[in-house]
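Student: Protein sequence lines correspond, in order, to chains A and B.
Numbering of the first sequence is given in the numbering used here, commencing with residue 119 and proceeding in unit increments.
Numbering of the second sequence is given in the numbering used here, commencing with residue 124 and proceeding in unit increments.
Keep in mind that a hint or two might mislead.
[Unchecked claim] Below 30 Å or equal to it, Euclidean Cα-Cα: the simulated DSSO-like pairs (lysine-lysine) are:
| # | chain 1 | residue 1 | chain 2 | residue 2 |
| --- | --- | --- | --- | --- |
| 1 | B | K265 | A | K148 |
| 2 | A | K148 | B | K158 |
| 3 | A | K148 | B | K156 |
These are computed hints drawn from the structure, not numbers from a lab.
Just so it is clear, the structure is predicted and the values come from calculations on it, not from any experiment.
Each chain, letter by letter, is given below.
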Amino acid sequence: MEITLNGASRTIPEQTSAGDLIQSLGLADKRLALEINREIVPRSSFGQHIIRPGDTVEIVHAIGGG
Amino acid sequence: MSTVMQSNTSSLSDPLLIDGIAYRSRLLVGTGKYKDMAETRAATEASGAEIVTVAIRRTNIGQDPNEPNLLEVIPPDQYTLLPNTAGCYTAEDAVRTCRLARELLDGHNLVKLEVLGDEKTLFPDIVQTIEATEILVKDGFKVMVYTNDDPIIAKRLEDMGCVAVMPLAAPIGSGLGIRNPYNIMTIVENAGVPILVDAGVGTASDAAIAMELGCDGVLMNTAIAGAKDPVMMASAMKKGIEAGREAYLAGRIPRKRFASASSPIDGAFF
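Next comes chain A alone, as it looks inside the complex (with noise of 0.2 Å):
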C-alpha cells in the first residue's frame, strides 16, 4: 500500500504498525517522535498502530539548532 513517509511516496506492505514501520528503517533503537495524518503516535503505542493506505507519516529527531 502507499503511505506518505516524510514527504515522500513510498509502498509498504498491508497491515504495517508504526513499530514495524520504525523495524523496518533501521531506527528502533533511535530516540524520535512519530506523528500519522498529524496526530501523535505515542512510542508506547507503537506495536498496536497499523498504518493506513494513503496515510501520511511524518519521523522526526533532534537535530543542532539554535
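Fit chain B to the known structure of chain A by using the hints.
Tutor: Just chain B, lined up with the frame of chain A:
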C-alpha cells in the same frame, strides 16, 4: 554584596531559576551551525551551558544508520534540552513541533517558542507567538518565548504564563549586539520571570552588556558556532556572562558628565 564570587563553588549562591529549577550557568547555547559533532560537543562543554537548544526535523530515511546523532554528544541526562520551534511561521506549526518534541523527549515539556514573521529579519510574528503561547501554556508546556524588545508584549507573554521571556538583542545570527538597551532594561525592571536575551549577540562584550542591564541570562548560537575558534569563543562567552553578572551585582558607578579625581589634593607638594 562584598564577597568575590568564585565560579565553581558559589555559583549556586546566584542561580538562574527557571520554572523553579536552579541552574548554575546563565549562558544557554544552541547546537546549530557547527562543522561537526565533535565541535558541537567541545564548544558546548567550553561554554559551561546546562541548557542547550535543539531543533526538531525529519529523520533521514535510508541514510547511514551509523550517522552520528546529536543526542549522543549532548545527552539528555547530562543537559537540559530545550527544543525550539525554529523555522515555524505559524502558531499551528509551532504547537505541532512542541508536541512532537515532548513526545521525543519522554514528556519533557520545557520548550523554546519562536514563531517567525519574516525570512530576512527572522523577527518574531508577535500575533502568532501570542496565539501559540496560549495553546501551549494550556497544554502544560513550560514556554520560554522568543520575542522582540517591546516591553508591553514581554509583560503580556509573562502574564500569559511563560516561564521565561527572551527578547532579541538584534536579528538572529546578525552579531549586532543589543540594539535597544533601554527597552531591555525596561523589560527587566518590569519582569517577574527570568529575562534572557536571545538572538543577535556577537561577541563576549555583548553578552556582558546583557548581564549588566540586569538580564538573567543569554541564549546564543551563531556567536559561538560562527566564530573562527568556536571553542575559544564559548569560553569567552562564559567569562563574559560571569563578568557581566558580577558587575551588575556589584553595583556600577553612575555615569557623570565631568571628572572626579581618584587621588586626594591634600598633601600635594607641588
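Student: Okay, which hints does this one fail, numbers in order?
Tutor: none
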